[in-house]
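Q: The chain contents come next:
8 protein chains.
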Amino acid sequence: MNTTEILQRLEKKEITIEEAEKLLKAETATDELEYANIDYEREERTGVPEVIYCAGKTAVQVRGIVQNMREHGQKHILGTRCSREKYEAAKEVCPELEYEELSRIMIYQPEPFPLNKGKILIACAGTSDLPVAKEAALTARFLGNEVEEVYDVGVAGIHRLFARMDTIESASVIVAVAGMEGALASVIGGLTDKPVIAVPTSVGYGANLGGVTALLAMLNSCASGVSVVNIDNGFGAGYMAHSINCLTGKREEK
Amino acid sequence: MNTTEILQRLEKKEITIEEAEKLLKAETATDELEYANIDYEREERTGVPEVIYCAGKTAVQVRGIVQNMREHGQKHILGTRCSREKYEAAKEVCPELEYEELSRIMIYQPEPFPLNKGKILIACAGTSDLPVAKEAALTARFLGNEVEEVYDVGVAGIHRLFARMDTIESASVIVAVAGMEGALASVIGGLTDKPVIAVPTSVGYGANLGGVTALLAMLNSCASGVSVVNIDNGFGAGYMAHSINCLTGKREEK
Amino acid sequence: MNTTEILQRLEKKEITIEEAEKLLKAETATDELEYANIDYEREERTGVPEVIYCAGKTAVQVRGIVQNMREHGQKHILGTRCSREKYEAAKEVCPELEYEELSRIMIYQPEPFPLNKGKILIACAGTSDLPVAKEAALTARFLGNEVEEVYDVGVAGIHRLFARMDTIESASVIVAVAGMEGALASVIGGLTDKPVIAVPTSVGYGANLGGVTALLAMLNSCASGVSVVNIDNGFGAGYMAHSINCLTGKREEK
Amino acid sequence: MNTTEILQRLEKKEITIEEAEKLLKAETATDELEYANIDYEREERTGVPEVIYCAGKTAVQVRGIVQNMREHGQKHILGTRCSREKYEAAKEVCPELEYEELSRIMIYQPEPFPLNKGKILIACAGTSDLPVAKEAALTARFLGNEVEEVYDVGVAGIHRLFARMDTIESASVIVAVAGMEGALASVIGGLTDKPVIAVPTSVGYGANLGGVTALLAMLNSCASGVSVVNIDNGFGAGYMAHSINCLTGKREEK
Amino acid sequence: MNTTEILQRLEKKEITIEEAEKLLKAETATDELEYANIDYEREERTGVPEVIYCAGKTAVQVRGIVQNMREHGQKHILGTRCSREKYEAAKEVCPELEYEELSRIMIYQPEPFPLNKGKILIACAGTSDLPVAKEAALTARFLGNEVEEVYDVGVAGIHRLFARMDTIESASVIVAVAGMEGALASVIGGLTDKPVIAVPTSVGYGANLGGVTALLAMLNSCASGVSVVNIDNGFGAGYMAHSINCLTGKREEK
Amino acid sequence: MNTTEILQRLEKKEITIEEAEKLLKAETATDELEYANIDYEREERTGVPEVIYCAGKTAVQVRGIVQNMREHGQKHILGTRCSREKYEAAKEVCPELEYEELSRIMIYQPEPFPLNKGKILIACAGTSDLPVAKEAALTARFLGNEVEEVYDVGVAGIHRLFARMDTIESASVIVAVAGMEGALASVIGGLTDKPVIAVPTSVGYGANLGGVTALLAMLNSCASGVSVVNIDNGFGAGYMAHSINCLTGKREEK
Amino acid sequence: MNTTEILQRLEKKEITIEEAEKLLKAETATDELEYANIDYEREERTGVPEVIYCAGKTAVQVRGIVQNMREHGQKHILGTRCSREKYEAAKEVCPELEYEELSRIMIYQPEPFPLNKGKILIACAGTSDLPVAKEAALTARFLGNEVEEVYDVGVAGIHRLFARMDTIESASVIVAVAGMEGALASVIGGLTDKPVIAVPTSVGYGANLGGVTALLAMLNSCASGVSVVNIDNGFGAGYMAHSINCLTGKREEK
Amino acid sequence: MNTTEILQRLEKKEITIEEAEKLLKAETATDELEYANIDYEREERTGVPEVIYCAGKTAVQVRGIVQNMREHGQKHILGTRCSREKYEAAKEVCPELEYEELSRIMIYQPEPFPLNKGKILIACAGTSDLPVAKEAALTARFLGNEVEEVYDVGVAGIHRLFARMDTIESASVIVAVAGMEGALASVIGGLTDKPVIAVPTSVGYGANLGGVTALLAMLNSCASGVSVVNIDNGFGAGYMAHSINCLTGKREEK
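Residue numbers (this note's numbering), protein chains in the order written: chain A, 507 to 760; chain B, 507 to 760; chain C, 507 to 760; chain D, 507 to 760; chain E, 507 to 760; chain F, 507 to 760; chain G, 507 to 760; chain H, 507 to 760.
Accuracy of the hints is not assured; some may be wrong.
[Said to hold, decoys possible] Lysine-lysine pairs mimicking DSS-like chemistry, simulated, CA-CA at most 30 Å apart:
| # | chain 1 | residue 1 | chain 2 | residue 2 |
| --- | --- | --- | --- | --- |
| 1 | F | LYS756 | E | LYS625 |
| 2 | C | LYS581 | C | LYS625 |
| 3 | D | LYS756 | C | LYS623 |
Keep in mind the hints are simulated off the structure, nothing from the lab.
Can you make the complete structure from the sequences, with help from the hints?
A: This is the structure in structure tokens:
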């Protein structure tokens, strides 16, 4: 909506002066953001608004983007890789923002998206993989999915995984999070007919090469029905799982 | 089904002598295969029978496995990375086997699987990526999916891709096949809300490092909703796309 | 100019005693710089004076080099990868030095170089790529070029780029700055007939391998007319763009 | 031009029946090429027609593409990485095609493009780098440039390079082709103010890693005004040099 | 034993003239081998004679080494990575040599070494890993071990492995052979308290990087009690397993 | 043991109220550990309890796991890669925990495991490899092995190693720890018939690539009877050595 | 010399009680050093005493080693990669130790080694390479060589190097220190008949990969008579240059 | 010598007409070599004529270069990496050329260079390393050095090396050739005070990565006085050893 349109709507009394002021400010804000070019058409195009990847941005930039989104009336804000300091900055302009420490995710979402029918399962191999698993879980929930989490079921004690077969079978998509040799993805892939999104983590040391080992192993999985996202990319896995889960349709509202 | 069971069923006249002989032979055959241990329970577990990856096997081994599968009454046989020579060997014991030259796939499937409702789109960047794209397409069709193919739509002439937006939007899953810098996956990922399976190919030279460049680029896609399979792994992409497409349900038989 | 020449010129009254003192001091200064060997002939040879790459130098060395250049009458000083601390040190001996925080560039340039006719466009994919883009822009401006900047036009929202086609077409050289999968270079390369200098950035994580992924992707661009500089090398891109833009000739002075 | 337009032009007698037939056949031909999607708008967009990268295509595909281009009235056909066998196949449908053995380039170009004013210099380090240097030279000439070649001027005998300084200074763009440690690019870059396109070659053994060593070295050149294309990518360098040289303007026709 | 010693023993009638001749010839033979320096003291030092790694040697060299060993009275000859052609050459001078095609091993061993008490299990993931598994099995048997083989028990059909738990538990050392993502080693390692020697194979394609992926994955196994040998190094694994199995002591002769 | 069983045993007076409370608390604790899923069956399965890898866990998580293990009556607790801060946290709930600074290992073990008959030798190349060697030594001792340590016997002064041949020969398993070029493993492997576990360390700089060089060198050892664990993985080497040493049987109790 | 020998010499009055005490203390000291095993025979074997590589050692260990060497009467102590903190610790037990900040070298050498006849030249490409160049220069001087230093003569301004040809020709060995693309080694190698030791440095960024680029480039030098040491290994280069320079013989004492 | 000079010398009767013709032809020949630019000044500059690296050249080019050198009166021709086919071609124009099969070296040298005083020792680890060792030996002999060869003295049987200590000590420079883990260089480096040139070979498989493992290991040698040349670069090692050995001076002619 541009300036002319806003004024026309005011003239037609479709909006109040206060509303017009707010809309005009939003526009101004956009112009002021010389470091970002927010893709407000994305929600229309893909059903999901632009997500803020905070890692390479300053606290000032993160705050500015959140402010700009609020001024455009954005109802769903998700920030990933967000340090507490950047979250605090953003909270100044959006006090309702919530923060989850482990996954470093911040969320503002007064009303949730409608739920998809299917359920997403997040399984992770070890305690050290939790931050990535949480990032995936929170992302998928934010986007409108029922999410179940199963943690510390790595293949060194494979019975722990088998004890959860019912849970695995009840999901429509599975996200398998693992570092070290990443064998969890192959084992789950061999046990189920559901699509598996594998997330390698940088957990481990020495020849794990910062997660490259788990990444390579997952790409070479001997099981079929497994595809892979970037190292530590819990967000990407949660998003992909949502994108797949959408094919199950939306739940009927009660 | 073990020997005792077969004989019991014969006794109960549930099967004929001929059938019993065939079943017993199948069992024997299994025992004879000292180099392979075919997973006949997989179809039950995952809905898809074991697929023959021919690359590391001798022609004699491939023929033996096909024979063994036929003797077990297997109705759906798919062989990938199959040289013409290995296909010829297998054809001796299964004359109905068909072969597609470009993708090096062999198929025996007297009756197709029931079709999934959704459609799978295979898009590839250049003519040189065709063998991999074909492998994905044939795999997905074999598993029971409607498949549409869009070829040579690389980003150096991006209007060719935009001209096919309708096709892209009509699919429920998209497989993006590209070598060189693999940018096709990101561009498609940014244009659609459907899950995109990216397949890097080894097409290119020099610093493409045998496909590793395209692989890395796809894993780092700035678009969301993209996950990746191994280099040149058309089969894996077709299988993953099928696995996702199953969530759309089966088409009603007419 | 050596000691003898300075004294001869003094004798001939071509210079004053003050000037002679200054020149002699400059010479001394050179001798004192045991850690650097400044290439004062470079400006004559290539039209551009030696640039100070501050990253591997101590604050004391940076200050010494700036002092030495001033004493030689150097009119154009550019320091790159300069921490604020090193800038502060250099400012002590050259108070007119200016500093740009984001790009970590310091500049002393009382009179600009004559402007080239053509315009250089700097396009970057995301907010996190800004420091590198700014380094390119400031370098190109320092060397005497009109520079236009277009930020946050990554391929995940490709319409933002298409909205700027006029700007792209008005430039004589384009610098494309991108991290992650670096697809921006290929897309721009496919849309224009102008030379594109691609700058991979280290923006991203995991399998981006500190920018190597974007670097490899750009080297394998399926578009023609693209060449590449080192990861995060905004300076190199700005310099190369200037070097190309020189072929358009100098603007006439008004 | 689509079918309707062709028929309209026939009706208006702007074209003869023979011409109309030819045009319709061209269109048909496009439809027949299921493996390629030739970008006939590229010449309009970038001034250069689509080039055929033959390496990943079969002889039949190369021939089909050449035929299709001829039928569309394409006047400038360049095929790179073309084996003699593929050239022979293409020659069947385009007898005027010429072939250069060393660079594996085939060219059909009844009338040259207009010449750019500036001159392009191709310098190579050793005899073994010749195929890549020739690919660059032929590409640049095809696109409409005066090209001068200076061979075997590697830095192990640096006086051979200095003996050619006049030639270097007379060029507007320089392409430096080298394998092994690739030092030629840095040395030339330090001697001139002209843009240098560096082409690493796979010449060498052991730790040259198939050209990766020269590539990395060139990307890290201590000289400014150097940018790099893919390993052995003579075509890319020739194209980039042309793209830059266009800024010097076209020569006046005599 | 040197020439003087041989003659002294002859003089003392400790040996016959024939024996002396044979011993002198052996010595001569050693001198003739200018390309090899056989370590005849190794058997004394480590209990195992020097093994012939045929890969980097010519057929003539392999034959010469076998002849030399026979002339020294060597009773246990093992040649690995031996092409049929080299085997044929060696057979000329040692007709009792036997050859196993799949593992490319040749053996001459008129009398076996005494058997170790414990049993070695060789488990492999897929049919394509057989050559490496066989190399391990034949090496271990040659050195004096009872060996059991379990093939095609990869983790994509993990029930096949569980069906063999009794066999796994009856072994004192386990060799796990796998390509692709190499998860077999971790799964076995998690199920047993016996030492596991993991052998990565080069089976797979694309991002398996010639076996490096399986190697890295095995080195990062989340299970304890797993150590790793070089890619495709069946010999090394068989040898290591033997070296460990020796700790169980020798079987009593009946 | 679940709640019902505990109460039944209380009812039958098999346990006291205090014991019941403790057991119920243990159960509760387990339920509270949402970040870990301790494998209490491992000791039964492999003879060794689950070991705590502290590196990727928070101090709170480490303390929680230790508390949970104590409440389950765990008698053998080993924590590796444990910072002093995490140790301090864990000590709050298990005051008997001891800490070794160099290896960053914490141990709680009121009663040792029974000793294996054979002896384990830990040899390391340089002073800088000590932390890894100590981790191996402490792990092996914890698991019930006599351990001898020989330090700073690198191959640059090979006589220091030869001076310890008696020690080497008295061991049943040898752990060779070395950084840089890791040649120690090959030299020891060539001198003994005992199994050698090689541990590459990240000691060195530049082209040691964080230990990858030593890792690769050890995997390519020209000596037989050598297998390798991950870089800096002293724990893994100690565990593997124990696993092998178990084959020598347990020492008789006096 | 062991305890018995010391006492015998005391008895024979070959040494005083004070000397005996000192010798016994030295021996004790050795025994106390459980973390190091100093190779006191090295000076006899190679003419150079063991050098202390301080990087992987604690301050306490460094001090202990220096003390131990002093107590053994060691007259030449060289410590490399020594932080100021470690130097301060060592100085407590050896107050004459001197420290050079840039190269992080500490030296105790009351009397120099006799000088070799030939001269060693250290040439470095840029100011940022100075720490490595200094390490080479100080090492070579410590070992008894005349050393000349030429700094900041990188190939981007190649005339600065040519201006020093006389110096180059007067040396018997040349150490060439360079980061980035490391071309200095090739250029010097092509200009001289003297052996050149190339030292790659980690100076640069992005695709310099921590010095690996310069390392690879130097290994692939097109000039002959160049060999290479590890990245940033100034010590190794100085030592190698000394080892070569010894062939020129010792200078006569005046 | 240029045309004018030749004619002047003819006029002065310093040369005959035949000689003048030959010299003029040589000059013409140079002009004819459009693919090579032979550095005839190198012998003057470095004492060694340009060597022909045949690998990247065609048989016709190799023959042309040899002919050109002969016509210039070149007395010392060395061709490396020369296939038999290229040798045969060159022999047509230089019948005295000799060829050594294993090292693929061809030599024409009617009169040897004067001998250096010192001796060069070539030591290699295994039979498979022989071709590289021979290349080093022949190169060093060609350049005027006494060369001694010691083969198959790898560290797996280290006593074989110790048996040759006298030989090692009698050399002034040592070339150590080894593949696999390349430990030979470190062990020799620790035993001698002479400079050691290490040559990694591509011998081995799997994680030897085509010789990169041995290269890295040698660069990280814990012994001092070791420098490294490229993988399989026997020529480079022989040349470097010669360059060092020159410092011992020339032997007096008898």
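Q: Go through the numbered hints given earlier and state which of them the structure violates, listing their numbers in rising order.
A: The structure breaks none of the hints.
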